[in-house]
Each structure stands twice: as structure tokens, then as C-alpha cells.
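Student: Residue numbers (my numbering), protein chains in the order written: chain Z, 60 to 376; chain H, 60 to 376.
Incorrect hints may appear among the rest.
When chains are identical, the list treats them as one kind, so a pair holds in a single copy or across two.
Straight-line distance between alpha carbons at most 25 Å, and here's what the computed SDA-like set of lysine to any residue pairs gives [unchecked claim]:
{"no.": "1", "residue 1": "K375", "residue 2": "N271"}
{"no.": "2", "residue 1": "K325", "residue 2": "T198"}
{"no.": "3", "residue 1": "K356", "residue 2": "G229"}
{"no.": "4", "residue 1": "K356", "residue 2": "T91"}
Everything labelled a hint here was simulated from the structure, so no lab data went into it. As the structure is a prediction and not an experimental result, all values here were calculated from the model.
There are 2 protein chains.
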Amino acid sequence: MYRLGVNFDLTYITAGIVDETGKILIKESIPTLKYRKFDDIIKDMAHLCIRIVNKYGLDMDKDIELIGIGCYGSIDWHTGVMIYSSYFGFRNAPIADEMKKYVKIPVICDNDANCYALAESRIGATKGLKNTIIITIGTAISGGIIIDNNIYHGMAYGAGEFGHHVIIFGGEQCECGRKGCWAAYASTNALVRDSRIMAVRHPESMLFKMVNGDIRLMSFRTPFEAAKKGDIYAKEIIEAYTKYVALGLINVVNVLQPEAIAIGGKIRKIGQEFINDVNKIVDEKTFGQYEDDKRTKVLMCDLDYDAVIIGATMLKH
Amino acid sequence: MYRLGVNFDLTYITAGIVDETGKILIKESIPTLKYRKFDDIIKDMAHLCIRIVNKYGLDMDKDIELIGIGCYGSIDWHTGVMIYSSYFGFRNAPIADEMKKYVKIPVICDNDANCYALAESRIGATKGLKNTIIITIGTAISGGIIIDNNIYHGMAYGAGEFGHHVIIFGGEQCECGRKGCWAAYASTNALVRDSRIMAVRHPESMLFKMVNGDIRLMSFRTPFEAAKKGDIYAKEIIEAYTKYVALGLINVVNVLQPEAIAIGGKIRKIGQEFINDVNKIVDEKTFGQYEDDKRTKVLMCDLDYDAVIIGATMLKH
């Protein structure tokens, strides 16, 4: 038997057929076009699922055990209802029920970061560990919590909003409305913001020259590349950014002391060296002087964003 | 059958006989005298236990099912070893084994805040809820996490160090060595510190007059009392303090979204009104617009510090 995993994201809906080892056999995407009616989005999602099953020469009813959907928002996994998603503007949207209009097999839903965390804990970086966390660092910061080998949801299925814990009271404005959230310092957006400011202040910097003075071209990679080439301004930015990332992780460790935190999202592309630098600070600054084998490890996620598709097929039903 | 609960604190060791409903029938304390040898402390603890059992006319072997000990530090509850306690200076101290030299019944140990949380979740403010947290706010800030009706320990049994999550990067020095921890703003020690500074700056304030100009007499109650009497300086202190307390709680809610957080410790003495003020901010500022019945409630703990004794008798063995 195979399972079908869906990554229901803001820009794309991607569906994949996943085998029992967690390998994606075939996948395909359609644009989400999120401002459409909910019904229309789900209709296209269902048709995408049906199409790739046919394309791979399988029969939905006979060969596919279930469809798992990882969604950008808070999901009541018991009912498959998206309770709340600020980005979609949905409230109490019955995703599973709507899908069932098109398919007869079980449909289960969960939050995308939860699916990511589940996939990592089954076949990825945190495999074999009992209590783990994944944190995706990209334009935003999200997270998934695995406790006792299962997803920890929180009372309204919204646990794991690590990006929205305040690290600087009254600090930088965050998209969520509060000020000083971790995401406002440790997301790649925050890194780009700080790099742009630094570049403009120092036109002599490599940071400025690498984007030919057009700071709109600044990416989260630029300061890392400039720092590697010796630019002191980029080094200053990266040093501060590394501290911000570590600070939030230390907060998480002091509260939850998981066996490991695996970092996913865009920042993965920067590579293991950055994770090592972060890990060093976390090790030094975490509360309590525990022995090496009793300290939370900061790891890099093994899987890329397709982990959402894989994890969705690992949801319990 | 009865159980014997012990609160192994820095200043006192208190033992109590607890019945099946969680009621303390008799209790007695001895000074900890923490700078003594570990063996001597435990010897006195065992004798205290034996003494109160005899005093209550019971037989240790026949009438007492187990001894549960709530300890100030990180405890490996599987083995009853205190892995680490910065305040005692212990490392890998075999509390249960040492106790077993004096008694034949089972001895189980856990962290004191965990015992507190367990007692509240069984017979106190968070009774009937599945995922809850208690946070004690006093000279320090500690916490216990209940997930799925059981204590969540963390990998080195040190989870729940809520007081040592940073809310102001580079802020006030914390006793733990880092700067800007929540405890450095929201503990009663922090409140007293800020009240003293304010009093000295404003000798015309009620805050100053209430301690007759001797700021050493400032207690955590003074600013609350002065604010109630209309002192604008005390009001400013209390307003800021309320925000700090709420800020840390919001961070916890955004990460863990428990059904409730119950506040214990010295701050309980200030009363429900303070908890209500905190709750209002938490409700307003928590991430995500959830409906009323899907929001974490901030409650006051039902039980006082004896909850540690009660909770210790509820530990699993």
C-alpha cells in the first residue's frame, strides 16, 4: 500500500505518492491561488491527487491507504478542520470533509510544521529520539514538537509558534503585531533587513558592492558570502544573527530540554558550519551544567520542505 | 494506606503523611543546613520520616506505601539521583539509595516544581485538564510541565526552567549568568529591586515613605500596597511588572499552548486581582485569534508550597 501526502502551502499545493519507507515516488504541484473560494482550492487539490495516482498507474481506492495533508495553519487533526490561518484568512474550514466529496479513502490533516517534525523524527535527523523539536527558519519561523514520539498539538492545535516568543521586549516590530519576537531577529527576513541597513550605512562594504548598491537584491545568503570573503560589516551582521538564532534556541532548551532541535527551512542552505556556530553558543549558555550526553543537540534537518508531504503520510488516523 | 511526602528545600526539609485524597494529616520540618555532608542531610531526612510516622501511630512498613521526595534540583526520577543542583552544589547525589539505608519501603524522587504541578493537576487548580503548566513566581521563577496528565521531564530532567528564558537580550543580569532572563524582570526579587530604585529616586513617593526611607525593608508587597493607595510611582512599577509577568506567560503560551497555566509561589499572596490583570494582557497579546474556549487560561494555584509534599506522594513508581 502507498499513501498520498499533500503540502498545502500558501503558494503551491504539492501532492506526492509516498511508499512505506517514506520515499516520494512521484510528485506534482499546482498554484494555490489562495484568494479563491475555499471550495475551489480544495477541488483542485482533490483533482491533483486523483491525477497523480492515475499517472503512476495506481487505483485510489485499492492502492492508496489514505491522504495526509500538511497545512499552513492551526488544524484540528481530529476533524480535519483548519481552525485558523491568518495567511489564508480561513476560520473553521473543513478541509477533510471537503476532500471527501471527491475521494472515498480516509483524509487526515495536520499543521505543516508538525508533519515536517514527524517526518524528521521517523526517517530524518531526529530518528530514534523520543522528545524532539524542529524549527524552520525562513521568511518566518515555525516549529513542530514531538513528545513521546508523537506530535504535541497544544489546546487549540497551535503549539510550536516559537517565532512568536519575545526576546527583546519592545524591540523590532513583528508581523504578528507584537514587538521583539524572535522571528523579528532570527528569520531570514530579519537578516536581510539588517544587512540592507548595514549596506546603506557602509557603501564601502562588500555587502553593498555584492548587490551593486541595489539593496533590493540583498538575499539571506549575501551577508554569509560577504562575511566569508572577510567583509567586517557582514561579519558583524552574521555574528549578531548567530547570537539571535542561538538565543531563541537556548530559551526553548531551558523550557523543554528536548533531546534534539533540528533546524529546517531556508537557513539549511547556509550549511553545517552555521549550525555548528549556533550549537557552540547554545552549549555554552544553556541553563544547568549538564554532561555532554545530557545536552540538547542542535542539528540540521535531513529533509527539505518535501518533508511536509512525507510527514503527512505518517499521520495517525 | 498512606504515603509520605517530603519537600527537600534549601532551608527546610518538611515531611508529611498524606492520605489518598491528597490531604496532609501531619507534617513536621527540620532545618536543611545545606552546607553539611550529603549523607548527614539524608540521615536527618530519614529520621524525620520515621519520627512522624511513629508520632501518628503508624507503622512504616505496614501503613506507608512509599516515600515521595520533591527536591530542589534536576532529579533522575528513574534512579532517585539528584543529577545537578546549583544551589545545593550536588552532582549525581543518590537520594533514594541513601534513604533506603534507613527505610525498607519504596522511595521515589522528583523535582519540587514537578511535584507541585502534579498536585495541582490532580487535586488543585488544573484538575481535570490534560496539558498544564504551573509556574511559581517568588525570589526565583520555576515551573513544572504536565503533558498528557504526567510530568514532562526533559532529557536531563531539567525542563521547565521558564525563569531562564531571555525576554530582553542583553538586559538585567540574572543569577544564572545570562542577561535578560524572565526571572530578572518577573521574580519578586526583580520587583523589589525596581521598587527600591524608584523609591530612592522619588523620596516624595509613598513607596519611599512606607519603608520609612529604609529601602532594605522593601518587600514585594510594598509596591502593590502603595499602588492601591494611589502612589503614581508604585503604579508605574506595578504596571511594568504586570507586563513582564504577562510577557513571559505569552511566550510560554505561544510555544506550548497548554489548557491552563497556574501561578504559584509568593506572588499568590497578592491575590486574584493581579492574576486577572495578567490574564487580560495574555488574552490580548497571544498569537492567533482563537475563540474564548480555545485560549490558555492563567489561573492562581489552589495549593500553597505544601503542594510539593502532596505531589511527591502522587509520583509514579
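Student: Does each hint hold? Answer for all of them.
Tutor: Comparing the hints with the structure gives:
1. K375 <-> N271: Result: close neither inside a copy nor across copies, 51 Å intra and 65 Å inter.
2. K325 <-> T198: Within one copy only: 8 Å inside, 41 Å across.
3. K356 <-> G229: So K356 and G229 pass the 25 Å test across copies only (24 Å; inside, 30 Å).
4. K356 <-> T91: The answer is neither: 36 Å in one copy and 36 Å across copies each exceed 25 Å.
Violated hints, listed in ascending order, are 1, 4; each of the other numbered hints is respected by the structure.
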